[in-house]
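Line order of the protein sequences matches chains A and B.
Terminal number for the first sequence in the working numbering: 112, no gaps in between.
Terminal number for the second sequence in the working numbering: 112, no gaps in between.
In short, the hints are calculated from the structure, not lab data.
Computed from a prediction, not measured in an experiment: that's the story for all the values here.
Cβ atoms here follow ideal geometry from the backbone N, Cα and C, with glycine treated the same way.
Be careful, since some hints might not be right.
What the hints assert, rightly or not - Lysine-lysine pairs mimicking DSBU-like chemistry, simulated, CA-CA at most 35 Å apart:
#1 K111/B with K13/A
#2 K36/B with K13/A
#3 K57/A with K94/B
#4 K57/A with K111/B
#5 K56/B with K94/B
#6 K36/B with K111/B
#7 K36/B with K57/A
#8 K56/B with K57/A
As the list claims (entries may be wrong) - Computed footprint of chain B on chain A, listed as stretches where at least three residues anywhere in the stretch have a Cβ under 8 Å from a Cβ of chain B:
#9 31-43
#10 50-56
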Amino acid sequence: KAGVTQTPRYLIKTRGQQVTLSCSPISGHRSVSWYQQTPGQGLQFLFEYFSETQRNKGNFPGRFSGRQFSNSRSEMNVSTLELGDSALYLCASSPGLADEQFFGPGTRLTVL
Amino acid sequence: GEDVEQSLFLSVREGDSSVINCTYTDSSSTYLYWYKQEPGAGLQLLTYIFSNMDMKQDQRLTVLLNKKDKHLSLRIADTQTGDSAIYFCAESAKAAGNKLTFGGGTRVLVKP
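Next comes chain A alone, as it looks inside the complex:
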């Protein structure tokens, strides 16, 4: 079974731009969660989607948004990029709710 895939793997943007990251979960998994990893703040939860509905949201500004499609694929969007948004963005999928989660390799975003 293929693992969680994330595209693109690397991204360079400038301040003020917007970016969309994509995550394809493991086949049959219906839940997708997103995390931001930075050296200063560590791993922080962004949001969780299950069956196209956002079930939980972390403490991030409204510039961070996401969605999930009927095939369980998910995208997250960051608008008006700031230097502090530079991070590794990790996506995790799980079969359902309160199940073990499997992470993708991440998208490394650099904001200049």
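Given the structure of chain A, go ahead and fit chain B onto it with the hints provided.
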């Protein structure tokens, strides 16, 4: 709120056992996880334990949970150089769905 703490660094000789410790504050934690992250990679799920268990063994890995003290440990037997990585402890509560709260990570260095 939830908080998960880990020591920053552990150095161990190849062939010895490693013990990585973690403390958490959320008494409603349902699942506790250990993830491994190698340089430039995502998170690899190593093992997890339900909060109603005291111990779980999986090949070279042993997880011990002291629910009264909210203390979790991961023991790696016969540590190999390939075990050098950052190890993250994480907890989730059933009410929070798949939201994981992570510790800051313990960097394990295995010396030959």
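Hint-by-hint comparison with the structure:
1. K111/B with K13/A: Answer violated: K111/B to K13/A is near 39 Å, above 35 Å.
2. K36/B with K13/A: Holds. K36/B to K13/A sits at ~29 Å (cutoff 35 Å).
3. K57/A with K94/B: holds, 15 Å
4. K57/A with K111/B: Roughly 41 Å separates the two Cα atoms, so the pair is violated.
5. K56/B with K94/B: Between K56/B and K94/B the Cα gap is close to 20 Å, so the pair holds against 35 Å.
6. K36/B with K111/B: holds, 18 Å
7. K36/B with K57/A: holds, 24 Å
8. K56/B with K57/A: Satisfied, since the Cα-Cα distance of roughly 31 Å is no more than 35 Å.
9. 31-43: It holds, with 5 qualifying residues against the three required.
10. 50-56: Our answer is that it holds, as 3 residues pass the Cβ test (under 8 Å) against chain B, meeting three.
Violated hints, in rising order: 1, 4; the structure is consistent with all others.
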